[in-house]
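*Asks:* Starting from the known structure of chain D, arrange chain V on it as the hints suggest.
The listed protein sequences derive, respectively, from chains D and V.
Quick note: the first sequence uses our numbering, first residue -17, plus one each step.
Quick note: the second sequence uses our numbering, first residue 7, plus one each step.
No lab work stands behind these hints, which were simulated from the structure alone.
Any given hint might turn out to be false.
[Unchecked claim] Residues from chain V that keep clear of chain D, each with C-beta distances beyond 12 Å, as calculated:
1. E16
2. G51
3. R187
4. L259
5. V262
6. E271
7. G272
8. R278
9. G297
10. A306
11. D312
12. E324
[Claimed, not checked] Covered stretches of chain D, as calculated for chain V (at least 3 residues, CB under 8 Å):
13. -11 to -1
14. 75 to 81
[As the list claims (entries may be wrong)] Derived, one-sided and incomplete: chain V residues facing chain D with beta-carbon distance under 8 Å:
15. S65
16. I90
17. D100
18. L111
19. Q114
Note that the structure is a prediction, hence the values are computed from the model and not measured.
C-beta: ideal position from N, C-alpha, C; glycine also.
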Amino acid sequence: MTTLRHMGYMALRDLRALWRQPWYVVATLVQPVIWLLLFGELFKRVADLPGFAHESYIAYLAPGVVIMSALFSSGWSGMATIEDIDRGVTDRLLVSPVSRGAIIAGRVTQSAVVIVIQSVIMIGLALAVGASFPGGVVGVLVLILVSALLGAGFAALSNSLALVTRQEESLIGAVTLVVLPLTFLSTALMTADLLPGWMHTVAKYNPVNWAIEAGRSATAANPDWGMIAGYTALLAAGLVLASTLATQAFRAYQRSV
Amino acid sequence: MKTSVDHAIEAADLVKTYPGDVRALDGLSLSVPAGTIFALLGPNGAGKSTTVRILTTLSRADTSTARVAGHDVVSRAGAVRHVIGCVGQRSGGDREATGRENVRLQGQLHGLRGRDLAARVDELLAQIGLEEAADRLVRTYSGGMQRRLDIAMALVHRPQVLFLDEPTTGLDPEVRMDMWREIERLTREQGLTILLTTHYLDEADRLASELAIVDRGRVVAGGAPERLKAELRGDAINVELAFAANGAVQQALSPVPGIRELVVEGTSLRARADEGARAVPLVLGALEAGGIDVASVTVARPSLDDVYLRHTGRSFEEAER
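Here chain D stands alone, though its shape is the one from the complex:
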């Protein structure tokens, strides 16, 4: 009970900071927007490829770009933790009765809220440029849910890394290194049937792909609810695992101070 309350306090702290600097929400959206608008336009004719079973490329691309935006913004979650460490805020929290779990959970919650806002913006933008979501409101809500689950998990990993390395450079390097390959090794840009064999295999184990597959199916005309439920459960499990890892990372941090 106390942990839950503490988690709320910590999330509120981050959300208040976000409320005061709302440009953060927009800043991390720039790249996904470019992908949606330019990439979607550039590869329009992919839809004509034999074996590409979708009518419009932009409609195919949209769920992938929503998930991508979650990935882009959540990776930076650890930056706030590095600033807290540098400012002495982390040390102050660690010698107060707040649990390590609540510190991480608060930050992850903030990240999830940001992702929900960003997903709504991206979905609106996708609709504006001609994408459609036949799955309706329920489908869109599922897309936002898997997007938030994936992003929250990545936020937790980002915080683990922040606590262990305590350097902005390392975090920037890691995020840059990870985000694009994970996107390419998924069905974000190309259908599974058209992916090279090995990529198809790797994609099966890629959490980014789980979120994209679940989100795309949910927003399609005939959702495969069994598959959606399975991937959603996997993503939730991943979030729990990543949060546990981040909570443990405080030990590594405390050993080094």
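*Replies:* Just chain V, lined up with the frame of chain D:
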């Protein structure tokens, strides 16, 4: 509430090494009586902050442990965190929040809620003189204001033991004086035990009822500042005589106990005594009885710098380099 703890802090033989064979603590021991201000005095890198980090449960000693307010800092870390307040070397305030929000959050984490919390936050902000700035972002605060906010945050849950890790480093002289007054008020009015680390000799001298000189991870000398200074060869007494009277002075002062190293040169008389302030009336009385007129008298106390030099073999300034 524990009230019968004689020693608010007890630590024995703390050892702490960091990767790369850096020995930060090398068998440091200390015990701090409840309700006093205790200073850990030493140059940068002596092990003061490491000690504070261990006592506040942030870090862990390699060997041995410590007790704060009667709780073991390792096995009962949770209990310790409830009864301590801590002002770290770096200001721990969230820059993107207001002063009030910072104090509120700290209170909430300590279990304060509702009206109690609001009242406590208001009271503290008034006490430290941040009422006006309470709803401004901490980002806009001066160094002194941030320090005062740190203290408010550390006190919100009415802790028994307060840790201040170099609370006045980097502050203007006037702000330092303010902080000193604030720290003195806290022990006086609230019976807090304060452990303070500092590398300012004058700060330890002014605030601490007891201090430990830390050098290379060990306590090399400890006790009340006055007693530490008294252990030296005594205070210097300088007397300016109205006229030169060498032989008569020697004779007049020979019955006064505790006077050493008596030197008379012309009208200037120098001597050492264990407690200069007590010796002065005796010296003046003896001179008067011997018919020798005195123009002026001064007593110079040994400084903590002298104490430091004696126990470490280096002057404080040298060690700081």
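*Asks:* Are the hints correct? Go through all of them and say.
*Replies:* Verification of the supplied hints:
1. E16: It holds; E16(V) is separated from chain D by about 18 Å at its closest Cβ, greater than 12 Å.
2. G51: holds (15 Å)
3. R187: holds (24 Å)
4. L259: Holds, since 57 Å exceeds 12 Å.
5. V262: holds (54 Å)
6. E271: Per Cβ check, E271(V) is outside 12 Å of chain D; nearest 56 Å; holds.
7. G272: holds (59 Å)
8. R278: Fine: 46 Å to the nearest Cβ keeps R278(V) off the interface.
9. G297: holds (66 Å)
10. A306: At about 40 Å from chain D, A306(V) clears the 12 Å cut-off, so the statement holds.
11. D312: D312(V) is indeed farther than 12 Å from all Cβ atoms of chain D, at 34 Å.
12. E324: The claim holds: E324(V) sits with its nearest Cβ about 28 Å from chain D, beyond 12 Å.
13. -11 to -1: holds (count 4)
14. 75 to 81: n = 6 at 8 Å, threshold three: holds.
15. S65: With Cβ-Cβ at 5 Å, under 8 Å, it holds.
16. I90: Holds. Min distance 7 Å.
17. D100: holds (6 Å)
18. L111: holds (6 Å)
19. Q114: Holds, about 5 Å.
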